[in-house]
Amino acid sequence: MPDQHTENRAQKKEVVVRVKRQQSPKEPAHWEEFRLAWRPYMNVIICLRDIGEHPVTSDGKSTTPVSFDSNCLEEVCGSCAMLINGKARMACSALVDQLEQPIRIEPMSKFPVVRDLSVDRQFMFESLKRVKAWIPIDGTYDLGEGPRMAPEVQEKGYPLSRCITCGNCLEVCPQVNQHNPFMGAAIFSQVRLFNMHPTGKMHAKERLSAAMGNGGIEDCANAQNCVVACPKGIPLTESLAEVNREAWKQSLFGWLLG
Amino acid sequence: MRQPKIIVVGGGLAGLMATIRVAESGVPVDLFSIVPVKRSHSVCAQGGINAAKNQKGEGDSTAKHFDDTIYGGDFLANQPLVKRMCEAAPGIIDLLDRMGVMFNRTPEGLLDYRRFGGTLYHRTAFAGATTGQQLLYALDEQVRRHESEGKVTKFEGATFLSAVIDESGVCRGICSMDLRSMEVTTHPADAVIFATGGIGAIFGRSTNSVVCTGSAQSALFQQGVDYANGEFIQVHPTAIPGEDKLRLMSESARGEGGRVWVPRNPNDQRAPRSIPEAERFYFLEEWYPKYGNLVPRDIATRAIHRIVYQERLGLYGKAAVYLDVTHIPRETLDRKLEGILEIYEKFLGVDPREEPMQVFPAMHYTMGGIWINGQDQATSVPGIYAAGECEYQYHGANRLGANSLVSCIFGGGLAGPAAVKYAAGLQTGADSSSSAVFEKEKKRQEEKNQALISNQGSENPITIWRELGDIMTEHVTVTRINKNLEMADAQIRDLQARYQKINLSDLTKWSNQTLNFARELGNMLILARVVTLGALARNESRGAHYKPDFPQRDDANWLKTTRAKFCDGEIQLTYEPVDISQIPPRPRRYDAAK
Chain A
1 MPDQHTENRA QKKEVVVRVK RQQSPKEPAH WEEFRLAWRP YMNVIICLRD IGEHPVTSDG
61 KSTTPVSFDS NCLEEVCGSC AMLINGKARM ACSALVDQLE QPIRIEPMSK FPVVRDLSVD
121 RQFMFESLKR VKAWIPIDGT YDLGEGPRMA PEVQEKGYPL SRCITCGNCL EVCPQVNQHN
181 PFMGAAIFSQ VRLFNMHPTG KMHAKERLSA AMGNGGIEDC ANAQNCVVAC PKGIPLTESL
241 AEVNREAWKQ SLFGWLLG
Chain B
1 MRQPKIIVVG GGLAGLMATI RVAESGVPVD LFSIVPVKRS HSVCAQGGIN AAKNQKGEGD
61 STAKHFDDTI YGGDFLANQP LVKRMCEAAP GIIDLLDRMG VMFNRTPEGL LDYRRFGGTL
121 YHRTAFAGAT TGQQLLYALD EQVRRHESEG KVTKFEGATF LSAVIDESGV CRGICSMDLR
181 SMEVTTHPAD AVIFATGGIG AIFGRSTNSV VCTGSAQSAL FQQGVDYANG EFIQVHPTAI
241 PGEDKLRLMS ESARGEGGRV WVPRNPNDQR APRSIPEAER FYFLEEWYPK YGNLVPRDIA
301 TRAIHRIVYQ ERLGLYGKAA VYLDVTHIPR ETLDRKLEGI LEIYEKFLGV DPREEPMQVF
361 PAMHYTMGGI WINGQDQATS VPGIYAAGEC EYQYHGANRL GANSLVSCIF GGGLAGPAAV
421 KYAAGLQTGA DSSSSAVFEK EKKRQEEKNQ ALISNQGSEN PITIWRELGD IMTEHVTVTR
481 INKNLEMADA QIRDLQARYQ KINLSDLTKW SNQTLNFARE LGNMLILARV VTLGALARNE
541 SRGAHYKPDF PQRDDANWLK TTRAKFCDGE IQLTYEPVDI SQIPPRPRRY DAAK
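Chains A and B are the protein sequences, given in the same order.
Take the first sequence: its letter number 187 is residue 187 in our numbering, and every next letter is one higher.
Take the second sequence: its letter number 118 is residue 118 in our numbering, and every next letter is one higher.
It should be emphasised that the hints constitute simulated quantities derived from the structure, not laboratory data.
You can trust all of the hints, since none of them are fake.
With a Cα cut of at most 27 Å, we get these calculated DSSO-like pairs of lysine-lysine:
1. LYS346(B) to LYS156(A)
2. LYS87(A) to LYS13(A)
3. LYS26(A) to LYS154(B)
4. LYS509(B) to LYS440(B)
5. LYS26(A) to LYS61(A)
6. LYS156(A) to LYS56(B)
7. LYS154(B) to LYS421(B)
8. LYS346(B) to LYS13(A)
9. LYS61(A) to LYS509(B)
10. LYS156(A) to LYS129(A)
11. LYS509(B) to LYS110(A)
12. LYS151(B) to LYS5(B)
13. LYS151(B) to LYS205(A)
14. LYS87(A) to LYS346(B)
15. LYS110(A) to LYS20(A)
16. LYS129(A) to LYS201(A)
17. LYS64(B) to LYS290(B)
18. LYS20(A) to LYS87(A)
19. LYS509(B) to LYS26(A)
20. LYS129(A) to LYS5(B)
21. LYS201(A) to LYS151(B)
22. LYS110(A) to LYS154(B)
23. LYS110(A) to LYS87(A)
24. LYS26(A) to LYS110(A)
25. LYS205(A) to LYS129(A)
26. LYS205(A) to LYS249(A)
27. LYS440(B) to LYS5(B)
28. LYS151(B) to LYS129(A)
29. LYS509(B) to LYS442(B)
30. LYS20(A) to LYS346(B)
31. LYS154(B) to LYS129(A)
32. LYS110(A) to LYS232(A)
33. LYS20(A) to LYS509(B)
34. LYS501(B) to LYS61(A)
35. LYS443(B) to LYS154(B)
36. LYS129(A) to LYS249(A)
37. LYS483(B) to LYS560(B)
38. LYS318(B) to LYS13(A)
39. LYS156(A) to LYS205(A)
40. LYS346(B) to LYS232(A)
With the sequences and hints as input, model every part of the structure.
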C-alpha cells in the first residue's frame, strides 16, 4: 500500500466522484460529478466533506453540499451505509485507493430517500420493537448479579451483539422490497441473540411468534447475500437458519407442548 | 392531579439511563437526539467499565477504586459524589449484566475483568474491545421496550437550540429544530435533563463523533447555566492519526499487554519487527516502573509528546510512536481486542497482529462541563439537570480509563429520579406557563436561523471551523503557555467576528446540514473561549492541565473548581473550594506505588 501512495502522490492524482442527488423525497434524482484532490488514506466520507467545503461540480456549476448521515467514522454507529460503485457498504471504511474511479455514490434503494444520500431506516427500528428485541428486566432496582453464562455462549452471542442496524443486509436482500415487509436478516439475528441469553430464553416463544407472520422468517429465501454484505461479519445465515428451525418447531409442536 | 413531564436531551448512555429511570417511575418522557439514539457517540467507547467487584482475588474494594479515581484526578474532584459512584459501580455492572450485555466471561461463567490505566487492580469489565457499544445497545433496548409501552416518545433527528426559561429564571421546556423540515418548535417540560456529551469538534479533529460539538452546553451557558473546569481536556495517548478523525486505539490494548516503544536510534530505518529488544526504548516502562504502560492518560500523553518533540525520537521523524501487540497470543487478541484491531486494519490496511501500530495522542474527553451540585445532578438553573460527559463532577483534573462509562450511567441514574422529584414538587408546572414565554423563545430561534440564511457575507463556516480546530489543538491541549493562550483567545475572537460574515452554501429549507452546522459553530466559538480562558487563568499544573512555566501542582492557590458564568455577553471566571473531606491531597506520582 505504501507504494500505491507514493505513486499517487507523484501523479498528483485526482479523485472523480459521481453522486446521485435528490433534493427532497418528492423531487426527481439527478447525478452530479466532482473532481477532488487525492490524499493518502482518503475514504468516501472525506470525499463528501470535500464536496461540502467546495460544492462545485466538475463543469463549474455551483451546487449544494451533499446531505449524508455519519457520526462515528469508524464503523460502529451504522450511520453511513450507502451504495458505492453499486455495492452496499459503509462510507467511512470505503477507502478511495481500493475503489474504481469514477466512484459512484448513491443512497440505499430499499429505504425512502430523505435527501441525497440520507435515507429513512425507521422500518428497522419498528421491526426491533415488533420482535421484542430486549431482555425484559423486572426493574433497574438492585436484584444482585445476572445469571452465569458459559464463555462459549458469550462467544456466540457477542458477535451478534455487534449489529449496528446499518441496513446493508436489507439492501442486498431480494426479499426486502416495496411489495414485501420482510424484516431482514439483522432483525432475526437479534431474535437469536435475545433467545440465547438465560433470561431472554424465558421469553423465546413470544419472540419467535413475533418473528413469524407478515414479513417474518418464513419469507427468507436463502439468497445468502446478507452475510456477505454485513460490515461486522455477523454470521447472519447461521442466525436465520437457527431462528427458522426454532420457529418451525414452535409452530409445529408448540400447540402440542402447550 | 397534575401529571409531570420530563424531557431528556441526548441519547447516549447517560441520557438513556435517565430516560429509563423516569419511564420506570411512571412519568412520561420525551427523548430528543440528533441521531437515532443507538448511533450516539457512547457507541465508540472501547475498553471497558470499572467496578471493584474484587473477583480476581486481589483484595480490591470500592474504597481503593475511590482512591485511584481521586488520585488519578489529581485531587480536583469533589469527593463525596465520586465515592458514591465507586460504591454504586458494582451494582451498575450487575444491572447491565441482567440487561443482557455480552460481557466476556471467565471459565466459571462470571464476568471477566481486565486491568486499566491508573490502577494496579483488575476491575474493568469488558465486552471484547467494543464495550461502549454493548452497554449503549443494552440501554437502547430497554428504552425501546418503554417506548413500545407508550412511556417514552422519541424525537430523533432533532437538535436542541435553547431552553425555554420564564421570567423567574425557571426552565419550562426546550426549543428544538427538526433536522429534516428545519422547523423550530417548543416543547414544555417540568424538568429537562441534558446528556449532550463531549466537545471534540471544537478541537477540529479528535476521537469524538460528528455530533460532539458542545453546542447544547454552550447554548445553555449563554442562558445562565454555569460551566465548570472547562480547561480540563483529556488527550488520549494512543489514537490513529487521520484526516477526518483521530481513531481511538483503546487503553485495553495496553491492558492486555500492549507495549509502547520507539527505536532507541532515531535514524533506525528497519522494519519494527527486525529491531531487537535491546534497541527498543520502552519509555513508559522505563520512566514509570510501577504502572508502566498503564500510567494515567495525561502522564502517557506528556511522555509521548516529550519523546517526539523534545527527545526527537518519533518514528521516521514523524509524530508517531509504536503501540505493539504483536507479542500477544492470537487467541487473546481475538477474544479481547478484535474490535479495535479491526479498526486499524480497515482504515490503514495493516494487520496489527503482524506489525506494531503507529499512534499519537488525540483530544478525547472533557473532564470539565456543565456545573452541577454535589447531590443530584442539578445545574445552576432550576429545572435543568445534566448527566454524563457534558457535566464536570466525577473526574477532577484527569479521568481514569473505564470510569467514563460508570459516571455516565451513575449520573444518568441519579438525574432521572431527581428530575421527577423536582417536577412533582412544583407548585405550577410547565403546562401552566403562559404560551408567550414559549412563543418568544421560538421567535428568537427562528430569527437566528433567518439571519444565517439571509447573511450576505463571504466566509465559509467550514474554514472557520478548521481554523478553530487548529488553534485549539496547537495551543490548548497538552502544553499550555500563557502567551499562546492569550493569542489563541484573540484569534478565536477574530473568528467570531468573521462568523458574523458567513455565507451558507445551502439555503434550502429541507434537511439543511449546513444551516445546522453554522448554528453549532457559533456556539462552539464561545465554548472554545471558556476552555481557553480557564486554561489561561489557572497558573499551575494539575492532571491533564500542564503549564511548563508553572510545572507544579499548587494546592495552596489552585485547589479549586473553575466556574464560568456568562454575564452580559462576557465570560466571567469564578472559583469554588473542592470537597476533600475523605482523602487528603498527596503528591501524584506513577513511577512508584501511591
